[in-house]
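**Student:** What follows is the residue order along each chain.
Protein chains: 2
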Amino acid sequence: MAKEITNRTENYSQWYLDIVKKADLADNSAVRGCMVIKPNGYAIWENMRDQLDRMFKETGHVNAYFPLFIPKSFLSKEAKHVEGFAKECAVVTHHRLMNDPNGEGVIVDPDSKLQEELIVRPTSETIIWDAYRSWIQSYRDLPLLINQWANVVRWEMRVRMFLRTAEFLWQEGHTAHATRQEAMEETLRILDIYTKFAEEYMAVPVIKGIKTENERFAGADETFCIEALMQDGKALQAGTSHFLGQNFAKAFDVKFVNDKNEEEFVWATSWGVSTRLVGGLIMAHSDDSGLVLPPKLAPTQVVIVPIPKPSPEIGEVADKIMKALRDKGITVKYDKDDQKRPGFKFADHEMKGIPVRLGIGMRDLEKGQVEVARRDTKEKNFAPLDGVADYVAQLLDDIQQNLFNRALQFRKENTTRVDSFDDFRAIVETPKEGMPEAWGGGFISAHWDGTTETELKIKELTKATIRCIPLDAEEEEGQCILTGKPSKRRVLFAKAY
Amino acid sequence: MAKEITNRTENYSQWYLDIVKKADLADNSAVRGCMVIKPNGYAIWENMRDQLDRMFKETGHVNAYFPLFIPKSFLSKEAKHVEGFAKECAVVTHHRLMNDPNGEGVIVDPDSKLQEELIVRPTSETIIWDAYRSWIQSYRDLPLLINQWANVVRWEMRVRMFLRTAEFLWQEGHTAHATRQEAMEETLRILDIYTKFAEEYMAVPVIKGIKTENERFAGADETFCIEALMQDGKALQAGTSHFLGQNFAKAFDVKFVNDKNEEEFVWATSWGVSTRLVGGLIMAHSDDSGLVLPPKLAPTQVVIVPIPKPSPEIGEVADKIMKALRDKGITVKYDKDDQKRPGFKFADHEMKGIPVRLGIGMRDLEKGQVEVARRDTKEKNFAPLDGVADYVAQLLDDIQQNLFNRALQFRKENTTRVDSFDDFRAIVETPKEGMPEAWGGGFISAHWDGTTETELKIKELTKATIRCIPLDAEEEEGQCILTGKPSKRRVLFAKAY
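Chains as they are written, first to last, in this note's numbering: chain C, 9 to 505; chain H, 9 to 505.
Bound-form chain C, shown alone (with noise of 0.2 Å):
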C-alpha cells in the first residue's frame, strides 16, 4: 500500500494529495471549488476545534453564532475591507426555483429577484458589527470577546485540498473593547493561543511576527501572524490575529458611553484560524509511507493488531490492555479485521498515521511482551504487558516531543541569513540536495527598506514574500538587499502556501 503514493522528493504536490486521498481525508465534489472532508479528516479538525475552543473559553470568550449572509452594501462601507473582500465571492441574487415551462429540470424564477444581492460571508467583520451596534452602548458593556465556528467562501478555482477551497470551515473571534490597549492585548493574546495550540498541539514551530502594510488583512490596522515551514521549504500561514482599531466601528458607528461619560468609538479585534491548518499538519510531519500525526490530535492514538490473526485468547489480552489505556483518557482500536494479512494492516494503519501500533502474537505473550512500532521512527521494540499502558502513554509523550523537535530542528537547517540579493536568489531558487524537487529555499532573514514597492519587486523577481516581521526580531543597522537603502532590522522571507 505504501508503495502506492509518490515520494516527496519526485513530486511534493502528488504526495501531499496522495496522503490526502489514501489516509481518507478528503475528497473531491460535484462542486468546484469544494472539497469533502471525509470522516479521518473531519476528525482531525474536530480534535483542533475542541482545543481551541476550550482555550479560547479558558480566556473567557464565549461562542455565538451570526448569519451566512451579508448584504452587498455592507461590503462596501469599510473603505479598505471592500478592496480586499468584494473580489471573488459567491453571489445570491434570487430566492426561489421553479419548474421549466419548456421542458424538464427546474429554472431560476426571475420574479425571485432581491432587492439588494447577498453575498456569502467570506468573513464576518461587517455583519458582527452591525450587530455590535444595538449591543454596545456603555463600557459596561465592554468588553465583547465573542467566536463564531462557522463556513465561509471565497470564490477560488485553483484548489489544493485543505490548503485552499472555496468553501472551508474556521473560527473568527470579533472583540470590542473600551480602550486602545486593551484591544492590542487582546490581539497579542490570541497570538499566544495560537502559539501555543499550534507548538504543544499540533508539534509545529511557529515564527510570530507582524505583517507588513501590503499583507495586512483589509480593514485592519496591524496584522499580526504565526507562520510555519513546510517540508518542501515553504511558509505556511498558520494564523492571524488583527487589531482593526476604530475601523469597523467607525464604518458601522458603533459608540459607546466611557467612565468619564464621554461618547467614544469602540475597539475591536478579529482572529481566525481554518481547515487549512489539517493540511499544514499533514505537510509538516508526513513521510513517504503516508500520514504522520502529532498524538494530541490523533483521532485514534493506538491500534492493535492481533498476529497472525484474531483469536480468543488475544482479544482478551487486547480487551485488557485497551481498558487500561482507556482509563488513561488513550483512544484506542482493535484490528480485528480477518480476511487481511497483518502486513497490509501495518501499512494501512501507517498511511493513516497512527502514532502507535501494538502487536499481539501467541510468541510474544508467552514472553509476556507486546511489540510496540512506533509511526514517526518506525522503531520497533518490546514492552511488557505488566505496565504497558504506562509504557505506552510514555511513548504518546515522546512521540509528541519528537515531532517538534524534529520540525524544529528542520527549521533551524533550513532558515537563512542573508546579505545580498544575489545570495538570496540563489536560496530561493537552487534546489536543495535531498529535498523535494520544488524546494522553496526555506525561510530567509533578511533586510528590507520597509517599503511596499521593495516588497512586490523581490515578489515579482523571486516569488518569495515578507512573511512577517518577527517579533523578536533585534534592531540592527543592514541594508536593504534590493536597493541598498538603510534597514533596522531583519523580516522573514519565504515562498509561501
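Hints should not be assumed to be uniformly reliable.
Chain copies aren't distinguished; within one or between two, either way the pair holds.
What the hints assert, rightly or not - SDA-like cross-link-like pairs, simulated, lysine to any residue; straight-line CA separation at most 25 Å:
| # | residue 1 | residue 2 |
| --- | --- | --- |
| 1 | Lys88 | Met106 |
| 2 | Lys328 | Met106 |
| 3 | Lys420 | Val265 |
| 4 | Lys353 | Arg148 |
| 5 | Lys465 | Phe390 |
| 6 | Lys85 | Ile115 |
| 7 | Lys258 | Arg148 |
| 8 | Lys348 | Glu271 |
| 9 | Lys65 | Lys304 |
| 10 | Lys65 | Lys216 |
| 11 | Lys29 | Pro151 |
| 12 | Lys336 | Gln59 |
| 13 | Lys95 | Val116 |
| 14 | Lys121 | Asn107 |
| 15 | Lys268 | Pro307 |
| 16 | Lys353 | Asn266 |
| 17 | Lys121 | Thr101 |
| 18 | Lys386 | Glu208 |
| 19 | Lys353 | Ile218 |
In case anyone wonders, no lab produced these hints; they're calculated from the structure.
Position chain H against the provided structure of chain C, taking the given hints into account.
**Tutor:** The following block gives chain H in isolation, referenced to the frame of chain C:
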C-alpha cells in the same frame, strides 16, 4: 425586570419573544429571515449538540463535512425531492463583485455569471449521495454511518426566532446500508436516540410516530418523527428520521456488490434535528418570570449571590462551594457585581433560567447555612453549608425530573380522545380556562380514513394537522371523524408550529 415580559396567558407569542430578548438568546439581523444566535442562546445549542454528538458516536456514527452548495440540476434528480425542496431557496448566480463604474459601492460583475446556478443547501441528500457513488463499491464498504453538523437555508420571510428562520443550524445524518432491514433498523435507532435526548435531556416528553404520506419528507419512503406539546396547546415536531428506501441510490446511481456477488442499489436513511429545539425548550418549560432550563442543558446550573453584596468572607465561602460543585461536574458562577442589589440579581437570574440560586449572607453563615432557591417551582429553602454540594446535586436531579413530570402531566391533561367532528372542532376552537389566549387545543386522538383528501379537508376546516400515527397506537375499529369511513387506529392531531 420580570414585569417587563408579557404574561403567557395574555399573548403567548409575545411572551416567547420577550423571553428570547430578555434572556439574551437571539437577536434580529440585518438580513431578512436570518437571526443572530447570541452567546446565551448558542450555549444551549452547544450543550444540545455535544450531547447528541456523544449519542451518535456511541452508536458508531462519525462526522464529515459536505459542500454548502448544490448544483441546481442535482435537486431534479430525485422526482419527489425536487417538489419538496426546489422552491424557496437561496440561489447563487454569480461569483464576483466589481466597483460600480457609475459611482459608489460595488455591483455584481455581469461577466461572472455561473454556467450552472448553485443552491445553498436546504438539506444535503443530493450532494452526499453524489459523493457516496464513488465511496461505495462492495458490501464491505457498508454501512456508512455519517453525520454532519451544518447550516442550511430554506427561504422564509415570516420569521419566528429559533422556530422558523431562513438559515438554521442542524445535524443531518445520512447513512447507507446493504439491506432494507438494516436501514429500517437505523431509522428507528435514531428515533430512539432523539426520544431519549428529548425526554432525558430536554425534559420534554414526546410521542413517537409515523408521518402520513402528505407530511412525509420529500424523497422518503417513510418518515418517523417525535412530537412534543407546547404550553399553548400546539405541537412541535422535534425531530425526524427518514427511511429513504433506494430512492437516492437510484437517483445518483449508487450500487454495491453484495455478498452473493450481485449488484444492488444501496439503502438509505437521513435524520435531523435543528436549532428549532432551542425554541421548543423555551416554550416547553418557561414561565412568566422568564426562561426555565432543565439542568442537563443549562449552560450555568448554579449561581451564587452574595447578600447584600460581595465581601471577603462571603467570597471565601463562595470559592469553597464553587470548588465542591465543580468537582461534581456542576457549572457555577459567582455574581460578584457590587453595583446591583440582590433583588435585581434574583430577577435577572430567573429571567435567564439558571436552575439553582444560592444566596449567601452573613446571618445565614453564622447559622451555618445558605439559602437555596430552585427556578422551576421558585421554592426557597435553607441547606447546611456542610454537604451543600451534595444537596445541590440532588436538587438539580429533582428539578430535571420535576420539569419532565410537569410537562408529562400537562400533556396528559391536554390530550383528548374524540369520536365526532363536532367534538374535534370544539376542542380545537374553544379557548381553555387559564391557558394562553390562542389556545391550540392540545393533542387530539381521533380516527381518520387514511386518505390525504380527508387530512387536507380537516386541516382546511380547523388548521389542525395529523402530527403522526403513534407507533404505539392500538388496533381499534372506528370511523373517520370527517367521513365516517372505517379506520383501524387513532392518529394524533394538533395545530402545529
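**Student:** Pop the pair Lys336 and Gln59 into one bin, within, between, both or neither, using alpha-carbon distances up to 25 Å.
**Tutor:** both (18 Å within a copy, 22 Å between copies)
**Student:** Can you give me the call for Lys65 and Lys304, within, between, both or neither, at a CA distance of at most 25 Å?
**Tutor:** both (19 Å within a copy, 20 Å between copies)
**Student:** Within, between, both or neither: how does the pair Lys353, Arg148 come out at a Cα-Cα threshold of 25 Å?
**Tutor:** Result: close only across copies, 16 Å inter versus 59 Å intra.
**Student:** Evaluate Lys386 and Glu208 at a C-alpha cut-off of 25 Å and name the case that applies: within, between, both or neither.
**Tutor:** within (22 Å within a copy, 47 Å between copies)
**Student:** Checking an output row: Lys121 and Thr101, CA cutoff 25 Å. Within, between, both or neither?
**Tutor:** Both: 6 Å inside a chain and 11 Å across chains, each within 25 Å.
**Student:** With identical chains treated as interchangeable, where does the CA-CA distance between Lys85 and Ile115 reach 25 Å or less: within a copy, between copies, both, or neither?
**Tutor:** For Lys85 and Ile115, the Cα distance is within 25 Å only across copies (14 Å; inside one copy 34 Å).
**Student:** Please work out whether the CA atoms of Lys29 and Pro151 approach to 25 Å or closer within one copy, between two copies, in both situations, or in neither?
**Tutor:** between (44 Å within a copy, 20 Å between copies)
**Student:** Classify it for me, Lys268 with Pro307: is the Cα-Cα distance of at most 25 Å met within a copy, between copies, both or neither?
**Tutor:** Neither, since 52 Å and 34 Å both go past 25 Å.
**Student:** Given a CA cutoff of 25 Å, do Lys88 and Met106 count as a within-copy pair, a between-copy pair, both, or neither?
**Tutor:** between (39 Å within a copy, 14 Å between copies)
**Student:** Pop the pair Lys95 and Val116 into one bin, within, between, both or neither, using alpha-carbon distances up to 25 Å.
**Tutor:** both (24 Å within a copy, 9 Å between copies)
**Student:** Checking Lys65 and Lys216: alpha-carbon separation at most 25 Å within a copy, between copies, both or neither?
**Tutor:** within (22 Å within a copy, 37 Å between copies)
**Student:** Using 25 Å as the alpha-carbon threshold, which applies to Lys348 and Glu271: within, between, both, or neither?
**Tutor:** Answer is between: at 24 Å across copies they meet the 25 Å cutoff, but 71 Å inside does not.
Comparing the model with each earlier hint shows violations of hints 2, 3, 5, 15, 19; every other hint is respected.
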